[in-house]
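Going down the list, the protein sequences come from chains A and B. One point on numbering: in the working numbering, the residue at position 309 of the first sequence is 309, and numbering is uninterrupted. One point on numbering: in the working numbering, the residue at position 243 of the second sequence is 583, and numbering is uninterrupted.
I should point out that these hints are in silico values taken from the structure, not numbers from a laboratory. Careful, some of the hints might be misleading.
Said to hold, decoys possible - Across the chosen pairs, the derived CB separations fall in these ranges:
id, chain 1, residue 1, chain 2, residue 2, range
1, A, 156, B, 623, 52 to 58 Å
2, B, 660, A, 330, 21 to 27 Å
3, A, 15, B, 376, 34 to 40 Å
4, A, 131, B, 374, 33 to 39 Å
5, B, 478, A, 328, 49 to 55 Å
6, A, 313, B, 645, 33 to 39 Å
7, A, 9, B, 383, 53 to 59 Å
8, B, 448, A, 166, 41 to 47 Å
9, A, 160, B, 383, 54 to 60 Å
10, A, 33, B, 449, 49 to 55 Å
11, B, 533, A, 134, 52 to 58 Å
12, B, 480, A, 160, 30 to 36 Å
Where is the CB? At the ideal position from N, CA and C, for every residue including glycine.
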Amino acid sequence: MVPDVSREKILVLFRTMLTIRRFEEALIKLTKSGVSVGHFHVYIGQECTGAPTLSLYEPGDTVVSTHRNHGHLLARGADPGRLMAEILGRATGYNKGKGGTLHVTVRELGFLSSSGIVGESLPLATGAAFAAKQKKTGCVSFCFFGDGALEEGVSYESMNLAALWSLPVIYLCENNSEEALATSAGEYPGSTIAIPELTTLAKTFNIPAVAVDGADVGEVYRAVREAVGRARAGQGPSFIEAKTVRSPVTRFLWPDLVAGEMNLEWAWSRETIPHAYKEWHESQDGLLRFTRELLQACLMTPDTLLQMDRDVRAEMEKAVEYAQESPYPDPQSALDDVFV
Amino acid sequence: MRELSYAEAKVEALYEMMQADERVTLIGNFFLGLSPKRTLLARLREQFPSRIFDLPISEAGFCGLATGAAMAGLRPIVDVQTASFIFQAFPQVANEAANACYMSGGQVHAPVIFHILHGVRGGGASQHSHSPQAMLWNAPGLEIVLPSSPRDVKGLLKAAAARDNPVVFVDHAKLFEVKGPVPEKDEIIPFGQADIKRPGRDVTLVATSLMVQRALKASEELAGKGIDVEVVDPRTLVPLDKKSILDSVAKTGRLVIADECHRSCGVAAELAAMVAEEGFVYLKAPIKRVATLDVPIPFSRPLEAFVEVTEEKIVEAVLALMR
Chain A
1 MVPDVSREKI
11 LVLFRTMLTI
21 RRFEEALIKL
31 TKSGVSVGHF
41 HVYIGQECTG
51 APTLSLYEPG
61 DTVVSTHRNH
71 GHLLARGADP
81 GRLMAEILGR
91 ATGYNKGKGG
101 TLHVTVRELG
111 FLSSSGIVGE
121 SLPLATGAAF
131 AAKQKKTGCV
141 SFCFFGDGAL
151 EEGVSYESMN
161 LAALWSLPVI
171 YLCENNSEEA
181 LATSAGEYPG
191 STIAIPELTT
201 LAKTFNIPAV
211 AVDGADVGEV
221 YRAVREAVGR
231 ARAGQGPSFI
241 EAKTVRSPVT
251 RFLWPDLVAG
261 EMNLEWAWSR
271 ETIPHAYKEW
281 HESQDGLLRF
291 TRELLQACLM
301 TPDTLLQMDR
311 DVRAEMEKAV
321 EYAQESPYPD
331 PQSALDDVFV
Chain B
341 MRELSYAEAK
351 VEALYEMMQA
361 DERVTLIGNF
371 FLGLSPKRTL
381 LARLREQFPS
391 RIFDLPISEA
401 GFCGLATGAA
411 MAGLRPIVDV
421 QTASFIFQAF
431 PQVANEAANA
441 CYMSGGQVHA
451 PVIFHILHGV
461 RGGGASQHSH
471 SPQAMLWNAP
481 GLEIVLPSSP
491 RDVKGLLKAA
501 AARDNPVVFV
511 DHAKLFEVKG
521 PVPEKDEIIP
531 FGQADIKRPG
541 RDVTLVATSL
551 MVQRALKASE
561 ELAGKGIDVE
571 VVDPRTLVPL
581 DKKSILDSVA
591 KTGRLVIADE
601 CHRSCGVAAE
611 LAAMVAEEGF
621 VYLKAPIKRV
631 ATLDVPIPFS
641 RPLEAFVEVT
651 EEKIVEAVLA
661 LMR
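Extracted from the complex, chain A is given alone in its bound form (with noise of 0.2 Å):
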């Protein structure tokens, strides 16, 4: 569904998608090619969640992300050259290569953190509305977690404060564990939850709580939108459960692009789709279906989608460009910055 706003937002929420998809298989490639950035998390296949929420952020808000930050950070208007710096560990990152893939943080984007340890969101993200609480700012904290962080009690701890403090969060739950396969099986695990609806988890703390199609756009913006609409209006903290099918990319245990680089052309020529993980890009990939509505409701055609990610790509080139010929930072300065 296409959300209900002018076709040039419509338009740069696309392109926020693409850029965040260009810019991780981007950085997939890297890593293939003998690049070192560590262990790593790629936001493949969950850019209908992350951009449209973003796209409701005012200037004094907030965002806590997790160790699968790049679409979050990207969404939120970070610079994909000093992104790709900081993944890379060069001295022109945002945090100087201290912080690498899991820890990239932009303050002045009101980027508050990147935890790399689970379910560490949630309270830093109430805490942050708590700030605006008190400070009276009217501005919202926007959380987001994977469906494994529900799986620690620092999650519920934190959910109960912000219900009985009325906090202006909005916990989004992004639940990439659908057809996820064990561990077992030699692939990464989904989360292990006794609960069978996440949503029911909140709503006995009285939080106001949906689960929508987390590979809708139009969907996510509508209840993001509400929950942002009572947290600015003193309501206190809404859940959100947007559910997706975990993307190829993201089975393993190591980022690979096991269906090869994403074609837009598979939005309007099904055909061309390989055969290796069909469904997904027929019917879950929520950026490819994005594509179609597009295409559907006459906002782009396939000449103007193409052009659009000619010019992407050639800013992601360009952003690889840059992190690859910064420098790494000097030595010395790993002693710098423990306090402030």
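Starting from the known structure of chain A, arrange chain B on it as the hints suggest.
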């Protein structure tokens, strides 16, 4: 004697422990982290499917569960995975397991093993590179083991299985590929018995875990410069074999300690304090520590190399002491 990789020796120990005692239960099963060698664990899954458990991401929950199960008669081995994750379970490890025996006046035993992978693994950045053994050493009631070779990991794991106290088994992912002799016959390496990994006359180099491997390489280089280094591996911090360390210092008169904890209040700091108190008369020179610099571990490789303990830094410290 046959040669095994560290990973093979470790899995062999786990297998034999499970075979010998049906109370042994694996709470979690990433004992080889993300190493390609992790496929070795498939054998355990096949043989003991009802005693191996996949876990939700719930460190506080499963460490507490294992402690309670140990109090009630099981012998759980908990895989906390990356050592930094033990912070998520500090109440259960440091405040429950560690105190259980003492605060019950000796009535309750909690023979649980907490398995962690510590240290700089490369690109782990600040939240996946911790060496929490010194913090854990500050919680009396926990036994702490740090193997450094294939033979030790097998013998120490089997010793841990026979202990009635909570044990923190501090392992290092960078050891998995190390090869070395491991006896065919069952060997238990008792806790509290240091190992002289290399005899020498000029300087005592106490090292733990992966740093033992780096200390041995550094010693070879120093031998080329005419310096004869004795490498002492305590193997367990609790209980600590003070005598072997002091005997070595009595022989050489010089002490360098290489350990991956942060310098302040780290393992090296405690060992240095112990020797300063109990072996001061043997010392011909001040004690030197080679430890991780007092900053969180950075991501970028040149920064990581600047703060971590390297072979070069160990060589430099020994040379400085001999000048």
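Checked hints:
1. A/156 <-> B/623: 52 to 58 Å: Given range 52 to 58 Å: holds, Cβ gap about 54 Å.
2. B/660 <-> A/330: 21 to 27 Å: holds, 24 Å
3. A/15 <-> B/376: 34 to 40 Å: holds, 39 Å
4. A/131 <-> B/374: 33 to 39 Å: holds, 37 Å
5. B/478 <-> A/328: 49 to 55 Å: violated, 36 Å
6. A/313 <-> B/645: 33 to 39 Å: holds, 34 Å
7. A/9 <-> B/383: 53 to 59 Å: holds, 56 Å
8. B/448 <-> A/166: 41 to 47 Å: Cβ of residue 448 of chain B to Cβ of residue 166 of chain A: about 43 Å, so the range 41 to 47 Å holds.
9. A/160 <-> B/383: 54 to 60 Å: violated, 43 Å
10. A/33 <-> B/449: 49 to 55 Å: holds, 54 Å
11. B/533 <-> A/134: 52 to 58 Å: holds, 57 Å
12. B/480 <-> A/160: 30 to 36 Å: holds, 34 Å
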